[in-house]
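Construct all of the structure, not just a fragment, from the sequences and the given hints.
The residues making up each chain are set out below.
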Amino acid sequence: MADADSQRCVSALLNGITQTLYYGNTEITEEFLKNELYAEMTQDEFRALHDKMRSLLKSIASADMDQAQLEAFLTAQTRKQGGSGVTPEQAAALARFWKAHRTRVRESLLAQSRWEPGLRGLKWRVDLHTSASRGQVSNSPVALVELELGRPGEGESSEFVCLEFDEQKVNLVLKKMAELQESIDSVVHRS
Amino acid sequence: ENTIIHYPVLSRLAVGQTLMVNQLVDMEWKFGVTVGTSELQKTGNIFLQLKLVIRKGNKTENVYMELTLPQFYNFLHEMERAKASMDCFS
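Here the protein sequences line up with chains A and B, keeping their order.
FYI, the numbering for the first sequence is 1 to 191, going by the UniProt record's numbering.
FYI, the numbering for the second sequence is 1 to 90, going by the UniProt record's numbering.
No wet-lab data here; the hints were simulated from the structure.
Be a bit skeptical, because a hint or two may be false.
[As the list claims (entries may be wrong)] Facing chain A, a subset of chain B residues (Cβ under 7 Å, in silico):
#1 Q23
#2 W29
#3 F31
#4 T37
#5 E39
#6 V63
#7 Q71
#8 F75
#9 E78
#10 M79
#11 M86
[As the list claims (entries may be wrong)] Which chain B residues stay away from chain A? Per the calculated CB distances, all over 10 Å, these:
#12 G57
#13 N58
#14 K59
#15 T60
[Unchecked claim] Have a look at the derived ranges for each label pair, beta carbon to beta carbon:
#16 K56/B to E116/A: 13 to 23 Å
#17 K56/B to S59/A: 45 to 55 Å
#18 G36/B to V188/A: 13 to 23 Å
#19 R81/B to E31/A: 47 to 57 Å
A virtual CB, placed ideally from N, CA and C, is assigned to each residue, including glycine.
Rendered as structure tokens:
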């Protein structure tokens, strides 16, 4: 009974750490976790536990450990003397947690490795200017493109960039994209 | 609604005899494979960076973005559609 409780608490702690580290949740603080899960622990005891779990999770995530690697890693951790190792319950909780979260954590880390904003969306329209209040118009079509840029984990805040392309510029962009496409094909098909 | 709505964001300038939004001057790209990061030792996923050089009035500005493959293909697809639309009128 105590073991199941203890494992549940460790799992919840790992979940909280993952929310902050990898899922961009800023609301889950150390204080919150302590109050919810380990209210009877001292501040120092909790900090030590929290930091240890965080450090282990980072090692596991950084190596993107598979089942075999994780088992070997956790076995080594349980064998450590003194306070730096993990208990069998903690090891079991870590193993179960990683199995459930591995894919999502890896995806989050890959997304975090993109440092410029991504293209969240785009809209365009093509205008044909038939007249203007001043001067002549060329009577050739113009494309207006609105790009929505934003980083993952930044929620709603997007930056909008609106650009105007004449035909020549559209062709230029398509030509560059074709070159890029060739480059992609050479890498993607090689593997 | 499918029309471009973000009017507050459109910065319109009267240049010469036409009202213009930002004009695309050039586009550069970088493509490769990320082999590892400080947070993830082995990655092996592609990175795709675009730099758009745009003219705003008298100066140029660079807009950087880093796309996933699906985002790139979506961009390409839409530009092809826009071109097809323009081809009807030229």
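Now for the hints, and whether the structure bears them out:
With a least beta-carbon distance of about 5 Å to chain A, the hint placing Q23/B at the interface is held under the 7 Å criterion. Because the smallest distance between the Cβ of W29/B and any Cβ of chain A comes to about 5 Å, under 7 Å, the interface hint for this residue holds. A distance limit of 7 Å between C-beta atoms decides the matter here; for F31/B the minimum to chain A is near 5 Å, and the interface restraint holds. The interface hint given for T37/B holds, since its Cβ lies 5 Å from the closest Cβ of chain A, which is under the 7 Å cut-off.
Here the hint on E39/B is kept, as its CB sits about 5 Å from the closest CB of chain A, short of 7 Å. Residue-level restraint check for V63/B holds (minimum Cβ-Cβ distance to chain A is 6 Å; threshold 7 Å). Against a cut-off of 7 Å between C-beta atoms, the interface hint on Q71/B holds, since the closest Cβ of chain A lies about 4 Å away. A hinted interface residue such as F75/B counts as satisfied when its beta carbon comes closer than 7 Å to some beta carbon of chain A; here the least separation is about 6 Å, so the hint holds.
The beta carbon of E78/B is positioned within 7 Å of a beta carbon in chain A (closest approach about 6 Å), and the interface hint is therefore held. The restraint placing M79/B at the interface with chain A holds, with a minimum CB-CB distance near 6 Å, inside the 7 Å limit. The beta carbon of M86/B is positioned within 7 Å of a beta carbon in chain A (closest approach about 4 Å), and the interface hint is therefore held. The beta carbon of G57/B is kept farther than 10 Å from every beta carbon of chain A, the shortest such distance being approximately 13 Å.
Against chain A, the non-interface label of N58/B holds: every CB pair exceeds 10 Å, the least being about 16 Å. With a cut of 10 Å on Cβ distances, K59/B stays outside the contact zone with chain A, its closest approach being about 15 Å. Every Cβ of chain A is farther than 10 Å from the Cβ of T60/B; the closest lies at roughly 12 Å, confirming the non-interface assignment. Take K56/B and E116/A: their Cβ atoms lie about 19 Å apart, and the range 13 to 23 Å holds.
For the pair K56/B and S59/A, the beta carbons lie near 47 Å from each other, so the given range of 45 to 55 Å is met. Separation of G36/B from V188/A is about 19 Å and conforms to the stated range, judged on CB atoms against 13 to 23 Å. In this structure the hint that R81/B and E31/A lie 47 to 57 Å apart at CB holds, the actual value being about 52 Å.
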